[in-house]
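**Student:** Below are the chains, spelled out letter by letter.
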Amino acid sequence: MTKQHANWSPYDNNGGTVVAIAGADYCVIASDTRMSTGYSILTRDYSKIIQLADKSVMASSGFQADVRALQKVLEARHLIYQHQHNKQMSCPAMAQLLSNTLYFKRFFPYYAFNVLGGLDSEGKGCVFTYDAVGSYERVGYSSQGSGSTLITPYLDNQLKSPSPLLLPAKDAVTPLSESEAIDLVKTCFVSATERDIYTGDKLEIVILNASGIRRDYMELRKD
Amino acid sequence: MNVSDSTPAMNNLMGSEADSQRTLYPYVTGTSVVGIKYKDGILLAADMGGSYGSTLRYKTVERLKSVGKHSIIGASGEISDFQEIMRNLDDLILYDNMWDDGNSFGPKEVHNYLTRMMYNRRNKFNPLWNSLVLGGVKNGQKYLGTVSMIGVHYEDNHVATGFGNHLARPLLRDEWHENLTFEEGVKLLEKCMRVLLYRDRSAVNKLQIAKITEEGVTISQPYALKTFWGFSAFKNPTAGAEGSW
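Protein sequence lines, in the order shown, are assigned to chains A and B. Those letters in the first sequence? Residues -15 to 207, by the numbering used here. Those letters in the second sequence? Residues 1091 to 1335, by the numbering used here.
Simulated from the structure, these hints should not be mistaken for lab results. Just to be clear, a hint being listed does not mean it is correct.
Said to hold, decoys possible - Below are the SDA-like pairs computed for lysine to any residue, each with C-alpha atoms no more than 20 angstroms apart in a straight line:
#1 B:K1232 with A:T27
#2 B:K1232 with A:R28
#3 B:K1214 with A:R90
#4 A:K89 with A:V117
#5 A:K186 with B:R1263
#6 A:K(-13) with B:Y1115
Using the sequences and the accompanying hints, generate a full structural model.
**Tutor:** As structure tokens, then:
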């Protein structure tokens, strides 16, 4: 008797796009708020962004149940860290934790495409980008999710990022001002919304800087 | 914890004997559940059908059940799995009551519990084959959420499962607004259920509507919707193509 195969998949793609851009003294993390399945829209108002620590904000697209479980694990681990070290986790520390957490489920992955943004210990903006099993890299900007293929080339062009092959390594953090970066993000999403069916409804932008954290919203096309 | 995990059959973890321990496909199923927020609280609607494949086998299945004092759950999918969920929920509420500390689980807590339960079973590749709607009101706060069999969950002003997502949500997106009265809410739900009755072959014309407000939870007696089949095209269906079929 041949092995029976499951006629259901433990995974689903609930769509959506996330973007993060690091500046000299700020970080912008943005995502759309549409949640889909197949050709249906489940809800137009679901946040993919979560603040994990004072200076760490994560945005994730992919399979929503896995994303939520991942968020809960990281939140819990951060709480334990605070109890043990009497301080908040730094963004680079959270970045490593996220990578380890993802790899932990290397053989039944969290179907989550993450972008972690925040301020490093020097107060400079930092962005870390991940694949589903924890491979990560610090970059000046990144996009993940269903609209990433549309957004990344545009950001490459606009932010003129230095080659990661250069020696000595050149800082990829953008010289743009905070408001210019926010405008850029809005343009990215409006463009992605035009052509990606899974991106749209509303844009949520989180801005992290020395004065704290704030949120901005913008309507996107709902078709 | 599954005792059968340690039996000889489970040594061969992915063998065919172990498969008899997991859900492969549903048998007796309920169809759509539709829910909306309205001015005073939440309204849920579901018909009373339990299909066995293409047979409309059971017509008095209660797919809306109250959970504690503040919430109602509506289930679609495998009915036996829903009964299992109700056993877990009833235990949960019982233990909550036994604390006797003046606190009681509201809809947010129950929804979270359901989400974790569904996700956990999905992780073990043995899902509870249901899509659930959870609505409630506590301390004036209205809550309406949904969970699927793989743990996908969200809250919104209107939710639906199964075919309801395709047929009812568009109507709700067009006609739902913040200040629906009870009568308007029921009328809107009935409109959704009527469309489902016409177009979902697993729907039956016997439904219940549940109402949750700060005052409490009520589930209506079953009733039927008025339908219209008097279209001239239905009177002589083969008039244009006479033949054996």
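**Student:** Look at each hint and say if it fits the structure.
**Tutor:** Comparing the hints with the structure gives:
1. B:K1232 with A:T27: 17 angstroms, holds
2. B:K1232 with A:R28: 18 angstroms, holds
3. B:K1214 with A:R90: 16 angstroms, holds
4. A:K89 with A:V117: 7 angstroms, holds
5. A:K186 with B:R1263: 16 angstroms, holds
6. A:K(-13) with B:Y1115: 15 angstroms, holds
Hint compliance for this structure: every hint is met.
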